Amino acid sequence: MPITPTNHLKPVSKDKDMSANHSTTKYLVGVYDDDEVLLNAVRSVRSSGVTVHEVYTPFAIHGMDDAIGYKRSRLDIASFMFGATGTTFGVTMMTLMMGFDWPMNIGGKPFIAPPDFIPVSFEMTVLFAALGMVFTFFIASGLGPGAKKLVLDPRFSDDKFILAVDLGKNSLSAEQITDLMKSSGASEVNTKEVED
Amino acid sequence: MQVTSVVREPLVTNGKTIKDVTNDVCRQVEGSPSRMWFIAFGIALVALAYGTYNVYLTWWEGLGRWGLNKTVGWAWDITNFVWWVGIGHAGTLISAVLLLFRQKWRTSINRAAEAMTIFAVLCAASFILLHMGRPWVAYWALPLGNTYGSLWVNFNSPLVWDVFAISTYLTVSVVFWYIGLIPDLATIRDRAQTKMSKIVYGTLAFGWNGGAKDWSRYESVSLILAGLSTPLVLSVHTIVSMDFATSVIPGWHTTIFPPYFVAGAIFSGFAMVLTLMLVTRVVFKLEDYITLAHIESMNKVILVTGSIVGVAYITEFFIAAYSGVPYERYAFMNRALGPYWWAYASMMTCNVISPQFFWFRSMRRNIAVTFILSIVVNIGMWFERFVIIVTSLHRDYLPSSWAYFSPTSVDIGDYIFSFGLFFTLFLLFAKFLPVINMAEVKSIIKSSSENKKTATPIGAASSVYANHSNKSSQAGE
Numbered sequence: 001m002p003i004t005p006t007n008h009l010k011p012v013s014k015d016k017d018m019s020a021n022h023s024t025t026k027y028l029v030g031v032y033d034d035d036e037v038l039l040n041a042v043r044s045v046r047s048s049g050v051t052v053h054e055v056y057t058p059f060a061i062h063g064m065d066d067a068i069g070y071k072r073s074r075l076d077i078a079s080f081m082f083g084a085t086g087t088t089f090g091v092t093m094m095t096l097m098m099g100f101d102w103p104m105n106i107g108g109k110p111f112i113a114p115p116d117f118i119p120v121s122f123e124m125t126v127l128f129a130a131l132g133m134v135f136t137f138f139i140a141s142g143l144g145p146g147a148k149k150l151v152l153d154p155r156f157s158d159d160k161f162i163l164a165v166d167l168g169k170n171s172l173s174a175e176q177i178t179d180l181m182k183s184s185g186a187s188e189v190n191t192k193e194v195e196d
Numbered sequence: 001m002q003v004t005s006v007v008r009e010p011l012v013t014n015g016k017t018i019k020d021v022t023n024d025v026c027r028q029v030e031g032s033p034s035r036m037w038f039i040a041f042g043i044a045l046v047a048l049a050y051g052t053y054n055v056y057l058t059w060w061e062g063l064g065r066w067g068l069n070k071t072v073g074w075a076w077d078i079t080n081f082v083w084w085v086g087i088g089h090a091g092t093l094i095s096a097v098l099l100l101f102r103q104k105w106r107t108s109i110n111r112a113a114e115a116m117t118i119f120a121v122l123c124a125a126s127f128i129l130l131h132m133g134r135p136w137v138a139y140w141a142l143p144l145g146n147t148y149g150s151l152w153v154n155f156n157s158p159l160v161w162d163v164f165a166i167s168t169y170l171t172v173s174v175v176f177w178y179i180g181l182i183p184d185l186a187t188i189r190d191r192a193q194t195k196m197s198k199i200v201y202g203t204l205a206f207g208w209n210g211g212a213k214d215w216s217r218y219e220s221v222s223l224i225l226a227g228l229s230t231p232l233v234l235s236v237h238t239i240v241s242m243d244f245a246t247s248v249i250p251g252w253h254t255t256i257f258p259p260y261f262v263a264g265a266i267f268s269g270f271a272m273v274l275t276l277m278l279v280t281r282v283v284f285k286l287e288d289y290i291t292l293a294h295i296e297s298m299n300k301v302i303l304v305t306g307s308i309v310g311v312a313y314i315t316e317f318f319i320a321a322y323s324g325v326p327y328e329r330y331a332f333m334n335r336a337l338g339p340y341w342w343a344y345a346s347m348m349t350c351n352v353i354s355p356q357f358f359w360f361r362s363m364r365r366n367i368a369v370t371f372i373l374s375i376v377v378n379i380g381m382w383f384e385r386f387v388i389i390v391t392s393l394h395r396d397y398l399p400s401s402w403a404y405f406s407p408t409s410v411d412i413g414d415y416i417f418s419f420g421l422f423f424t425l426f427l428l429f430a431k432f433l434p435v436i437n438m439a440e441v442k443s444i445i446k447s448s449s450e451n452k453k454t455a456t457p458i459g460a461a462s463s464v465y466a467n468h469s470n471k472s473s474q475a476g477e
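These protein sequence lines are chains A and B, in that order. With our numbering, you'll find the first sequence wraps up at 196, consecutive numbering, no jumps. With our numbering, you'll find the second sequence wraps up at 477, consecutive numbering, no jumps.
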């Protein structure tokens, strides 16, 4: 999905000319009051041939992935790979340190004692899996300290459910899409122009 | 005959809407703190200052300032360490295990409980630093390259496992807590009035814009972190118990320790969550979100885990008698009837007898009883660790070296330090961050709030939900 981290969300002022490096994107922003209404609206708008840019909601809506056509997240696979890396790192570290670099006779126990290595291997697995997955999530979603992402209507974080349509990527006219949104339950529909 | 199941009690009362959730939870972040908050914060700071002076004495003059002697080498330090780590476990349990079990009542309490986890683990870690005597070489506990060989840490030692377990636990807990905070920080950012809060919350919100793709990833991350945290939290207290169980001291060398310690950790942690939440809900006027239904659910957990702990105490005693090992038998007889009988009696009364009140619904739903018992349980759990540690040590194999441990003012001062640290951090959290996970509570408003969808005034509501809840809350109060 083309979610571009845009750090310039100021509306375009009219006196500034829109020349060369100041291209803009025009969004149609439908505001809904209810999550289920939005879910049905996404389905109906998409079946009418409109390409939905993104929906912005105060909480996760179950079924939205299917309605909007997103594939399943592969973060679980990433997490497993990071976890496997952690296990390998832990086991290798302990084997090399205890078995080869500086073997110590501790109470006559074997230098390499696999049962004793279980706790630390486990902790390394969890640590790598958790941190690796979270950083993958931050990078994939463009999140980070001070990052700025497209906010078309700040009420998304309160109690409104926002449906955004990129007009440049749709063949239907703004009026037609506005009608589709209104008929699917939008309480208001606004146009927003954002610098790329 | 047809049996109709009872309609589930609502988790959000008084017909709150999604907008109400935002307003009610943001209120204390945006407004200036109440006088109650300032008084509490002042007391916490005084405790922290007095504690810091004692920490200074411990580090500057050495562990001789503690009441330790040549027989009792571990006492208040490790007691406090295990106690705080145990308290921390409830936060992970509420946010991870209850998420895996799809328990919706976790949503109102998971944020504060996770914060409590982090602060409790910090308090626990402070005792590790304190009992080292030379905190400036604390990094020797890590497998770092050095010029002695390299001489590495001993990976056969449970104390080294503990270093890995506690530091992993702290890291993963902080990450889990912060991931949950991001959408709520965005809410505060979008409502911010002052320039300062716009900058601070804008930075902390990580640019969150509530996009469906991000929510989808967020849900995956939360679920997997919950799946990782569940075995992690069990492993942490298991490893803490192995600090004792892998030794050969009678009274410590017990295979029941891992499950028994984990149950005790959940028990004390839920008690601490209750102590904090019962105050928070009143001070911040969040009674509609942290309801009697939540309190009752937590009391049920306390009853179950308290009973598990009780069974473990009795099993330990039975195994000591049944084993036929005279040293093991003596260790347990000495625990119950020796010079520390009063600690053992306090432990039994507070941990095994007191939670039995919660068999009664009226007790589980009585706020005063719950508050008192939540403190009693934590006193009992502190004594449990004290009993395990000190009574097993103070009479060793050589009667000429038998000794009695008494704490000094510095022992007590270091304990006060941890309270000061804990409450200072918790009060700062309660002021500057949302104490309730708004995004999650908003998501259950429809399914679990009193008036379900619309904000009808409570008197006018005629749904089954509203009627049921009115009856049950009257019965409870």
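None of these hints come from the bench; they were simulated from the model. Source: prediction; values computed, not measured. All C-beta atoms in this analysis are idealised placements derived from N, C-alpha and C, irrespective of residue type, glycine included. Check each hint, because a few of them may be wrong.
[To be verified] The following label-pair restraints were derived from C-beta to C-beta distances:
(1) D196(A) - S197(B): 34 to 42 Å
(2) M196(B) - P115(A): 48 to 56 Å
(3) L63(B) - T92(A): 34 to 42 Å
(4) D196(A) - Y178(B): 27 to 35 Å
(5) G49(A) - R8(B): 53 to 61 Å
How the hints compare with the structure:
no. : hint                          : in the structure
1   : D196(A) - S197(B): 34 to 42 Å : 29 Å, violated
2   : M196(B) - P115(A): 48 to 56 Å : 54 Å, holds
3   : L63(B) - T92(A): 34 to 42 Å   : 37 Å, holds
4   : D196(A) - Y178(B): 27 to 35 Å : 31 Å, holds
5   : G49(A) - R8(B): 53 to 61 Å    : 42 Å, violated
Violation of the numbered hints given earlier is confined to hints 1, 5; the remaining hints are satisfied by the structure.
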